[in-house]
Amino acid sequence: MTERPPFKSAGLLKKLMSRYYAKGKAAREKGIPIAWVTAVFPVEVLYAAGIFPYYPENFGTLAAARKVAAKLSANAEARGYYFDLCGYARCGLGDAYAADHPAGVIGRPDLLFCCNTQCGSLPKWFETAGRFYNAPFFLLDSPMIETTPTTLGKEYFIDQLKEMIDFLEIRTGQPFDSDRLAEVMALSGEACRLWNEILDMAALRPAPLGFFDACFHMAPILTWRGTKEAVAYYKNLKEELELRLVRKIYAVPNERYKIYWDHSPVWPRLRWFADYFAAKGALVAASQYTHSWAWSFDTTRPLESLAENYTEAFVNRGFEKRVQMKIAFMKKYGMDGFVFFSNRSCKNNSFGLYDKRKAISSKTGLPGVVIEGDMSDLRFFAEEQVKARLDVLFEQLGQRGK
Amino acid sequence: MPVNGDVGRILQLIEKTLEDPIGYIRRQKSERRVKIVGWLLTDVPEELIHAAGALPFGITGGSESFSQADAHLQSWACSLARSCLELGLQGKLSFLDGLIIPHTCDTTRNLGGIWKHARPLPLMESYLIPRQVDRPSAKSYLTGELGRLKAKLEQCTRTGITVKRLHDSIALYNRNRTLIRKLFRRHVDDPETLNNRAVYNIIKSSMIMPKEDHNNLLRELDAALGIYKKAGTTKGYIKIALSGKVWEPREIMNMLDGIKAVVVADDLATGHRYINGDVRESGDPIEALAHRQITRMPFACYGSAQFERRRFLTDMVRESGAAGLVFIHLKFCEPENFDYPDMKSACQSTGIPTIKIETEMGNMSLGQIETRLQAFLEVLRGGADNDGTASL
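Going down the list, the protein sequences come from chains A and B. All residue numbers for the first sequence refer to the numbering used here, where the first residue is 1 and numbers rise by one. All residue numbers for the second sequence refer to the numbering used here, where the first residue is 1 and numbers rise by one.
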């Protein structure tokens with residue numbers, strides 16, 4: 001990859017993430033409950049209850065990016081966990097059992113909160129971890145929205161948010177602060193707005209950032225969402241990107257193609273993919289994955305608004321809606337082709353991709369390929385096969401005379 | 001086997017039905033001119049289908065070879081889902097008027113979309129069960145979800161599901177569960193007459209045959225079995241329990257019969273999960289169906305504080321008097337694979353020997369399974385090694 005000047009925000013990100021871990025440590029010392037939380041979970045409610053949120057999935061990505069997933073996983077596999085379970089879960093469970101911690105020590109929860117819109121692996125992981133750490137587990141259950149959102153599903157979620165607030169009041173011994181919830185939701189919404197404005201800059205031709213950059217810069221929208229820090233970070237990043245546009249610093253040199261990616265990256269091979277696409281003059285411009293946080297809250301009716309935003313997200317939608325949403329992304333960003341990542345660690349985002357590829361190609365005329373692999377475990381990654389698939393995509397793009 | 005003619009004839013009839021369930025149900029359709037609504041494992045409320053005037057048809061696995069499914073569903077999806085989809089793709093289920101897929105895991109959650117896209121049927125619905133059952137919200141949601149399903153079925157069959165109709169269906173299904181449970185007790189006490197394969201065939205055939213016919217057949221069987229002398233009939237048998245989703249490949253039951261292991265308890269979807277717990281026959285029938293679902297025995301697809309699965313399993317083994325527990329796990333079943341290590345250690349710490357058999361629908365090496373089961377039985381019979389650390 002031709003070297004671009006590094007993002008100044010990268011330094012900020014590093015500091016911000018150190019602060020995040022320091023805050024977690026301080027919380028532990030002060031006796032503030034630490035809760036495991038899933039990535040797409042209404043964490044706003046937890047902040048309002050004065051709980052410190054910890055994201056084990058972030059631990060999973062970290063372990064994967066540091067290429068130690070197989071090593072950590074071995075500890076879980078030695079205890080009978082099947083090698084085919086979600087890679088993040090194997091890293092998390094593996095680290096809990098491990099003597100050495102190549103990705104840092106996974107945080108110990110006092111409580112565990114999971115929303116199952118993302119998948120069925122997370123609740124099983126959290127449930128298992130709840131037994132390991134002897135900590136209570138709370139599941140926010142959201143049945144899939146097959147076509148259009150239903151009142152039934154929404155009311156079920158709202159009922160559960162109320163149950164969760166009761167649960168938190170009992171656990172913290174404090175009355176729930178609704179004003180604080182509105183405040184946190186406003187901050188969360190503001191960070192989401194900025195984050196999505198940033199992601200949308202990938203639609204520019206040429207663009208100052210793409211999906212692989214977004215994978216790097218998404219850590220605060222995950223871990224700091226709902227705080228002033230996240231807002232400040234994305235304001236700063238947006239300004240930096242605007243400046244880069246003025247200075248004509250682009251994500252890939254000589255951008256010729258824009259490629260849509262679905263869903264998560266192959267963390268331990270992020271660089272390999274970035275280099276491959278850059279060499280082809282292709283920008284992997286967007287993936288639904290990094291758009292997971294696109295909330296637009298109405299703080300005058302907080303619980304309804306949380307329910308709508310969190311249950312209606314793409315991860316919780318049926319086949320046809322997901323196809324429509326992907327096509328909308330491709331149009332919005334002016335994509336020339338797409339890559340679907342059939343990820344062994346993520347059945348929920350992988351099953352259906354074969355048919356979706358065909359459906360989308362026939363509806364849009366865009367070429368697309370499915371690659372096989374795993375987001376964290378390189379045992380399931382065959383570089384030659386993946387490269388051959390990607391080459392086919394670029395042959396097709398070449399034939400289209402672009 | 002010292003069984004009288006009638007018993008043998010009935011068991012044979014059941015066996016034959018299971019050899020070709022699709023052929024059987026298609027004959028039912030043409031003879032009775034009835035709509036057929038298929039369902040996949042597990043927990044689909046058949047009473048609603050029945051009350052809508054359709055014949056429910058349980059698809060408990062299908063094709064043993066995968067020629068078309070692999071183009072639509074990754075080969076690392078469980079073979080149960082793949083084999084069912086394969087049947088659909090091959091057009092073998094085109095006679096269905098409807099299909100209901102329960103969302104119990106990520107595979108079933110995505111299967112409906114794929115299936116509908118590749119090979120649509122007139123009615124294709126998901127059964128969106130709540131994945132938490134400990135809080136009051138689950139039951140009110142589920143009542144609504146059952147109401148939704150009811151409306152869809154009514155549209156499909158153009159028959160209103162009245163309270164009376166649903167109560168009648170519930171009573172019919174309760175009778176069926178009661179009859180099967182009675183026969184299961186007979187099996188436990190008298191495995192010579194009603195062996196593992198026979199009794200589990202009875203459960204599985206209940207998912208295929210019209211309940212009215214099945215009830216008649218079971219009453220006939222019960223009468224033919226007559227009274228038995230309890231003493232002596234279980235001599236030489238070792239009691240075991242099973243845990244998992246399905247008893248496939250079905251030869252497993254014959255192997256257990258062959259080595260004189262009598263299955264006395266299980267938590268299988270094609271076992272006690274199907275026959276345990278009746279539906280209340282008074283009051284609001286939809287609420288009664290919801291209640292049965294919420295209070296069902298635990299399984300891998302969601303956790304429950306109220307019915308803690310590890311405690312449930314160890315209690316199940318102890319109360320049934322089983323000497324050991326065999327996990328029959330479908331390869332790539334993620335929920336089961338998450339549960340396995342803790343289930344195993346819960347058994348170990350309570351002194352229950354276990355073995356895990358990994359299975360797949362279709363081409364499996366049966367010899368390997370048999371060898372492992374034999375070895376496990378030897379451990380159980382050995383007694384001295386039977387201290388719970390003998391897990392294979």
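Hints in this document: simulated from the structure, not taken from any laboratory. Take the hints with a grain of salt, since some may be wrong.
Claimed, not checked - For lysine-lysine, the following DSS-like pairs were computed, each having C-alpha atoms within a straight-line distance of at most 30 Å:
#, chain 1, residue 1, chain 2, residue 2
1, B, K29, A, K387
2, A, K154, A, K332
3, B, K182, B, K152
4, A, K67, B, K16
5, A, K23, A, K321
6, B, K331, A, K363
7, B, K331, A, K358
8, B, K16, A, K154
9, A, K321, B, K211
10, A, K280, A, K228
11, B, K16, A, K321
12, B, K92, B, K29
13, A, K25, A, K71
14, A, K14, A, K238
15, B, K16, B, K211
16, A, K332, A, K358
17, A, K25, A, K14
18, A, K71, A, K30
19, B, K29, A, K321
20, A, K30, A, K8
21, A, K248, A, K321
22, A, K228, A, K238
23, A, K238, A, K248
24, A, K154, B, K356
25, B, K331, A, K71
26, A, K358, A, K15
27, A, K71, B, K356
28, A, K162, B, K92
29, B, K139, B, K356
30, A, K162, A, K321
31, A, K23, A, K67
32, A, K358, B, K92
What the hints assert, rightly or not - The following residues of chain A were derived to be distant from chain B, with all beta-carbon distances above 12 Å:
#, residue
33, R79
34, G130
35, P136
36, D166
37, L194
Nothing here was measured: the structure is a model prediction, and the numbers come from that model. In this text, a Cβ means the ideal position worked out from N, Cα and C, and glycines have one as well.
Taking the hints in turn, this is what the structure says about them:
About 51 Å separates the Cα atoms of B/K29 and A/K387, which puts this hinted pair outside 30 Å; it is violated. A threshold of 30 Å between alpha carbons decides the hint, and for A/K154 with A/K332 the separation of about 28 Å falls inside it, so the pair holds. Taking the CA atoms of B/K182 and B/K152, the gap is about 34 Å. The hint is violated against a cut of 30 Å. Annotation: proposed proximity of A/K67 to B/K16 is violated, straight-line Cα distance about 54 Å (limit 30 Å).
As the CA atoms of A/K23 and A/K321 are separated by approximately 39 Å, the hinted pair breaks the 30 Å bound. For a cut-off of 30 Å, the pair hint linking B/K331 to A/K363 is broken: about 36 Å separates their Cα positions. For a cut-off of 30 Å, the pair hint linking B/K331 to A/K358 stands: about 28 Å separates their Cα positions. Using a Cα cut-off of 30 Å, the hinted pair B/K16 and A/K154 is violated, with the two alpha carbons roughly 47 Å apart.
A distance of roughly 38 Å separates the Cα atoms of A/K321 and B/K211; the hinted pair therefore is violated under the 30 Å criterion. Between A/K280 and A/K228 the alpha-carbon distance is near 39 Å, which puts this suggested pair outside the 30 Å criterion. For the given pair, B/K16 sits about 43 Å from A/K321 by alpha-carbon distance, which is inconsistent with the 30 Å threshold. Straight-line distance between C-alpha atoms of B/K92 and B/K29 comes to about 14 Å, which keeps the hinted pair within the 30 Å bound.
About 26 Å separates the Cα atoms of A/K25 and A/K71, which keeps this hinted pair within 30 Å; it holds. Distance check on the hinted pair: A/K14 and A/K238 sit about 17 Å apart at the alpha-carbon level, within 30 Å; holds. Only pairs whose Cα atoms come within 30 Å are accepted, and B/K16 paired with B/K211 is accepted, the gap being roughly 17 Å. At roughly 20 Å between alpha-carbon atoms, A/K332 and A/K358 fall within 30 Å of each other, so this suggested pair holds.
This hinted pair checks out: A/K25 and A/K14 have alpha carbons roughly 17 Å apart, not beyond 30 Å. A hinted pair counts as satisfied when its Cα atoms are at most 30 Å apart, and A/K71 with A/K30 does not qualify at roughly 33 Å. Between B/K29 and A/K321 the alpha-carbon distance is near 34 Å, which puts this suggested pair outside the 30 Å criterion. Among the hinted pairs, A/K30 with A/K8 is inconsistent with the structure: their alpha-carbon atoms are about 33 Å apart, more than 30 Å.
Of the supplied pair hints, the one linking A/K248 and A/K321 is violated, its CA atoms being roughly 37 Å apart against a limit of 30 Å. A threshold of 30 Å between alpha carbons decides the hint, and for A/K228 with A/K238 the separation of about 15 Å falls inside it, so the pair holds. At most 30 Å may separate the alpha-carbon atoms for a hinted pair to count; A/K238 and A/K248 meet this at roughly 15 Å. Between A/K154 and B/K356 the CA atoms are separated by roughly 40 Å; this puts the pair beyond 30 Å, and the hint is violated.
For the given pair, B/K331 sits about 23 Å from A/K71 by alpha-carbon distance, which is consistent with the 30 Å threshold. Distance restraint check for A/K358 and A/K15: the Cα-Cα separation of roughly 44 Å exceeds the 30 Å cut-off, and the hinted pair is therefore not satisfied. Simply put, A/K71 and B/K356 have alpha-carbon atoms about 25 Å apart, close enough for the 30 Å limit, and the pair holds. Between A/K162 and B/K92, the direct Cα distance comes to roughly 47 Å. Violation of the 30 Å bound is thereby established for this hinted pair.
For the given pair, B/K139 sits about 34 Å from B/K356 by alpha-carbon distance, which is inconsistent with the 30 Å threshold. Straight-line distance between C-alpha atoms of A/K162 and A/K321 comes to about 29 Å, which keeps the hinted pair within the 30 Å bound. Among the hinted pairs, A/K23 with A/K67 is consistent with the structure: their alpha-carbon atoms are about 26 Å apart, no more than 30 Å. With a C-alpha separation of about 24 Å, the suggested pairing of A/K358 with B/K92 holds against the 30 Å cut-off.
Not every Cβ of chain B is farther than 12 Å from the Cβ of A/R79; the closest lies at roughly 5 Å, contradicting the non-interface assignment. The beta carbon of A/G130 is not kept farther than 12 Å from every beta carbon of chain B, the shortest such distance being approximately 8 Å. A beta-carbon of chain B is positioned within 12 Å of the beta-carbon of A/P136; the least distance is around 9 Å. Under the 12 Å C-beta cut-off, the non-interface status given to A/D166 relative to chain B is violated; the minimum distance is some 9 Å.
No Cβ of chain B comes within 12 Å of the Cβ of A/L194; the nearest lies about 32 Å off, and the non-interface call holds.
Violated hints, in rising order: 1, 3, 4, 5, 6, 8, 9, 10, 11, 18, 19, 20, 21, 24, 26, 28, 29, 33, 34, 35, 36; the structure is consistent with all others.
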